[in-house]
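Let the sequences and hints guide you as you build the complete structure.
In the numbering used here, the protein residues as written are 171 to 327.
To be clear, the hints were calculated from the coordinates, so they are not data collected in a lab.
C-beta: ideal position from N, C-alpha, C; glycine also.
Watch out, some of these pointers could steer you wrong.
[What the hints assert, rightly or not] Here are the in silico distance ranges between beta carbons for each label pair:
{"id": "1", "residue 1": "ASN204", "residue 2": "ARG263", "range": "13 to 23 Å"}
{"id": "2", "residue 1": "TYR266", "residue 2": "PRO240", "range": "30 to 40 Å"}
{"id": "3", "residue 1": "LYS253", "residue 2": "GLY224", "range": "33 to 43 Å"}
{"id": "4", "residue 1": "LYS253", "residue 2": "LEU220", "range": "26 to 36 Å"}
{"id": "5", "residue 1": "ALA302", "residue 2": "ASN252", "range": "35 to 45 Å"}
{"id": "6", "residue 1": "GLU214", "residue 2": "ALA302", "range": "33 to 43 Å"}
{"id": "7", "residue 1": "ARG251", "residue 2": "GLY224", "range": "25 to 35 Å"}
{"id": "8", "residue 1": "PRO268", "residue 2": "ALA302", "range": "25 to 35 Å"}
{"id": "9", "residue 1": "ARG251", "residue 2": "LEU220", "range": "30 to 40 Å"}
{"id": "10", "residue 1": "ASN252", "residue 2": "LYS301", "range": "27 to 37 Å"}
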Amino acid sequence: MRNFLMTSGLAFLIVLSPRTEAMPLTVVTSFPSNEVGTASWYGEQFDGNLTANGEAYDMNGLTAAHRSLPLGTRVQVTNLRNKLSLVLRVNDRGPYVPGRILDVSMGAANGLGFKLAGLALVEIKVLSYPKASKHLTSRLPRIPVADNDLKFVHEVR
171 MRNFLMTSGL
181 AFLIVLSPRT
191 EAMPLTVVTS
201 FPSNEVGTAS
211 WYGEQFDGNL
221 TANGEAYDMN
231 GLTAAHRSLP
241 LGTRVQVTNL
251 RNKLSLVLRV
261 NDRGPYVPGR
271 ILDVSMGAAN
281 GLGFKLAGLA
291 LVEIKVLSYP
301 KASKHLTSRL
311 PRIPVADNDL
321 KFVHEVR
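Right, here's the structure in full:
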């Protein structure tokens, strides 16, 4: 009888407890296509270290670190002071210094003409986003198409 009363009381409290609404899920589906801000560069002390996408950092390469653009995104970076421009591939995360929007490789800083200065006001234009790789999509489940013969679709373009 005691267990019945305790269980009934607990059920009563649960039924009367205030309900909370689930937070809506927000998915970022777009990224800024243009940004203007300060860029810096990183070099020798990081050469050979793994970047966020798992490849070794090449200080002489034409790569960049961005906080939110998808890894593999290609961007055109223009130094607004001297108008020099390069196409870089985002392969790392950063910068981690407030007020900066991009970290570029030493090779990119040299090509953009701000290696000695260390910082530059730049414009970033997104040229292309990465496509899904077959390596990643090969592990996805096969999903039936909503028709009567249940064809299975697994295609990567």
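So, going through the hints one by one against the coordinates:
{"no.": "1", "hint": "ASN204 with ARG263: 13 to 23 Å", "verdict": "20 Å, holds"}
{"no.": "2", "hint": "TYR266 with PRO240: 30 to 40 Å", "verdict": "19 Å, violated"}
{"no.": "3", "hint": "LYS253 with GLY224: 33 to 43 Å", "verdict": "34 Å, holds"}
{"no.": "4", "hint": "LYS253 with LEU220: 26 to 36 Å", "verdict": "34 Å, holds"}
{"no.": "5", "hint": "ALA302 with ASN252: 35 to 45 Å", "verdict": "37 Å, holds"}
{"no.": "6", "hint": "GLU214 with ALA302: 33 to 43 Å", "verdict": "34 Å, holds"}
{"no.": "7", "hint": "ARG251 with GLY224: 25 to 35 Å", "verdict": "34 Å, holds"}
{"no.": "8", "hint": "PRO268 with ALA302: 25 to 35 Å", "verdict": "33 Å, holds"}
{"no.": "9", "hint": "ARG251 with LEU220: 30 to 40 Å", "verdict": "32 Å, holds"}
{"no.": "10", "hint": "ASN252 with LYS301: 27 to 37 Å", "verdict": "33 Å, holds"}
Comparing the model with each numbered hint stated earlier shows that hint 2 is the single one that does not hold.
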